[in-house]
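The numbering of the sequence shown is the numbering used here, which starts it at 32 and goes up by one.
I should point out that these hints are in silico values taken from the structure, not numbers from a laboratory. Glycine residues also receive a C-beta, built at the ideal position from the N, C-alpha and C atoms. Keep in mind that the hints are not guaranteed to be accurate.
[Claimed, not checked] Straight-line Cα separation of at most 25 Å, PhoX-like style, residue types lysine-lysine; simulated pairs:
no., residue 1, residue 2
1, 187, 210
2, 239, 210
3, 273, 210
4, 52, 168
5, 240, 274
6, 240, 210
7, 261, 128
8, 261, 240
9, 207, 240
10, 207, 234
11, 234, 274
12, 187, 60
13, 128, 176
14, 187, 240
15, 60, 168
16, 168, 54
17, 261, 273
18, 187, 168
19, 43, 168
20, 239, 187
21, 274, 261
22, 234, 273
23, 176, 60
24, 239, 273
25, 239, 207
26, 234, 261
27, 210, 274
28, 187, 207
29, 273, 207
30, 54, 43
31, 239, 261
32, 187, 176
33, 128, 274
[Said to hold, decoys possible] Here are the simulated distance ranges between beta carbons:
no., residue 1, residue 2, range
34, 169, 192, 31 to 41 Å
35, 176, 61, 16 to 26 Å
36, 55, 168, 38 to 48 Å
37, 132, 269, 21 to 31 Å
38, 261, 165, 27 to 37 Å
39, 292, 48, 55 to 65 Å
40, 61, 132, 27 to 37 Å
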Amino acid sequence: MKRGNNPFPLFKDFCITNVEKIKFILENKLVQTNEVRRCAYLYPIFCFIYQQTNRPLSLIEIGTSAGLQLLWDHYSYSYESNQIYGNHESFVHLTSKVRGGDIPHNLLSSNPQVNVRLGIDLHISDLTNEEDYLWLKALIWPEHKERFENFEGAVKQLRLNPPNLIEGDGVALLSKVVKDVPDDTTICIFHTHVANQMPSDVKSELIKKVNEIGSYRDVFHIYNNIDDRKLHVDSIINGIIKKNTVGETDGHARWFDWNLSESVPT
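Turn these sequences into a full structure, and let the hints steer you where they fit.
Encoded structure:
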């Protein structure tokens, strides 16, 4: 194959020319993405929780990176139709395909109220810092134009509405930060594509802490990659534990299953 038709020689030349810079990046940077479109399945989940509990939500995200998913209520959404949900004035419009069930229109139109949004990460990506911003952007695959557009729009929203981000161990800090959450709100602890990076003992500790919180507060836990790759919504309401499986999701949320229909205990 001619050199002009084969990108590998160009890639090889680039790596050889920039070997010291590449080594520095590999030794000092973390692959820590913040996929905005995952909010396309988080949005209906939080609508579901809000509709069931009829109380403002307090969001706690473990492994928040830059905190872009904490702003899910600042984005707009469409699900294979011209109907737009969420914030119609947003810089971000997310689309996704729903498989294995339909999301009720009245659910998507519920416009949840969020009182607290807190993100915790071992390494916070500060998008007001140019280097952090460029690095997070560089982690998007170059051919994924829509992901770039979503990211840029979400950065604009974040700079207008910065969430509270804490650098530290989300599991270790969980019990402490929950104490500051207003009593008249519903606690929503969530993380997507984070638990796969946790050792099994840390996963167990996380579940234990959520259950401890549920012994004195109503709490929801939204997650994947603890026992399997599916998206789950567990709740503890009035001390009653209920587990729901939402379904499979695409890694970049281009599609997701929807099997969340039953009411939570009241």
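Against the structure, the hints:
no., hint, result
1, 187 to 210, "violated, 31 Å"
2, 239 to 210, "holds, 16 Å"
3, 273 to 210, "holds, 23 Å"
4, 52 to 168, "holds, 18 Å"
5, 240 to 274, "holds, 16 Å"
6, 240 to 210, "holds, 13 Å"
7, 261 to 128, "holds, 16 Å"
8, 261 to 240, "holds, 21 Å"
9, 207 to 240, "holds, 11 Å"
10, 207 to 234, "holds, 18 Å"
11, 234 to 274, "holds, 17 Å"
12, 187 to 60, "holds, 24 Å"
13, 128 to 176, "holds, 18 Å"
14, 187 to 240, "violated, 34 Å"
15, 60 to 168, "holds, 13 Å"
16, 168 to 54, "holds, 19 Å"
17, 261 to 273, "holds, 16 Å"
18, 187 to 168, "holds, 13 Å"
19, 43 to 168, "holds, 23 Å"
20, 239 to 187, "violated, 37 Å"
21, 274 to 261, "holds, 12 Å"
22, 234 to 273, "holds, 19 Å"
23, 176 to 60, "holds, 23 Å"
24, 239 to 273, "holds, 15 Å"
25, 239 to 207, "holds, 14 Å"
26, 234 to 261, "holds, 15 Å"
27, 210 to 274, "holds, 24 Å"
28, 187 to 207, "violated, 31 Å"
29, 273 to 207, "holds, 24 Å"
30, 54 to 43, "holds, 14 Å"
31, 239 to 261, "holds, 20 Å"
32, 187 to 176, "holds, 17 Å"
33, 128 to 274, "holds, 24 Å"
34, 169 to 192: 31 to 41 Å, "violated, 24 Å"
35, 176 to 61: 16 to 26 Å, "holds, 25 Å"
36, 55 to 168: 38 to 48 Å, "violated, 18 Å"
37, 132 to 269: 21 to 31 Å, "holds, 27 Å"
38, 261 to 165: 27 to 37 Å, "holds, 34 Å"
39, 292 to 48: 55 to 65 Å, "holds, 56 Å"
40, 61 to 132: 27 to 37 Å, "holds, 36 Å"
Comparing the model with each earlier hint shows violations of hints 1, 14, 20, 28, 34 and 36; every other hint is respected.
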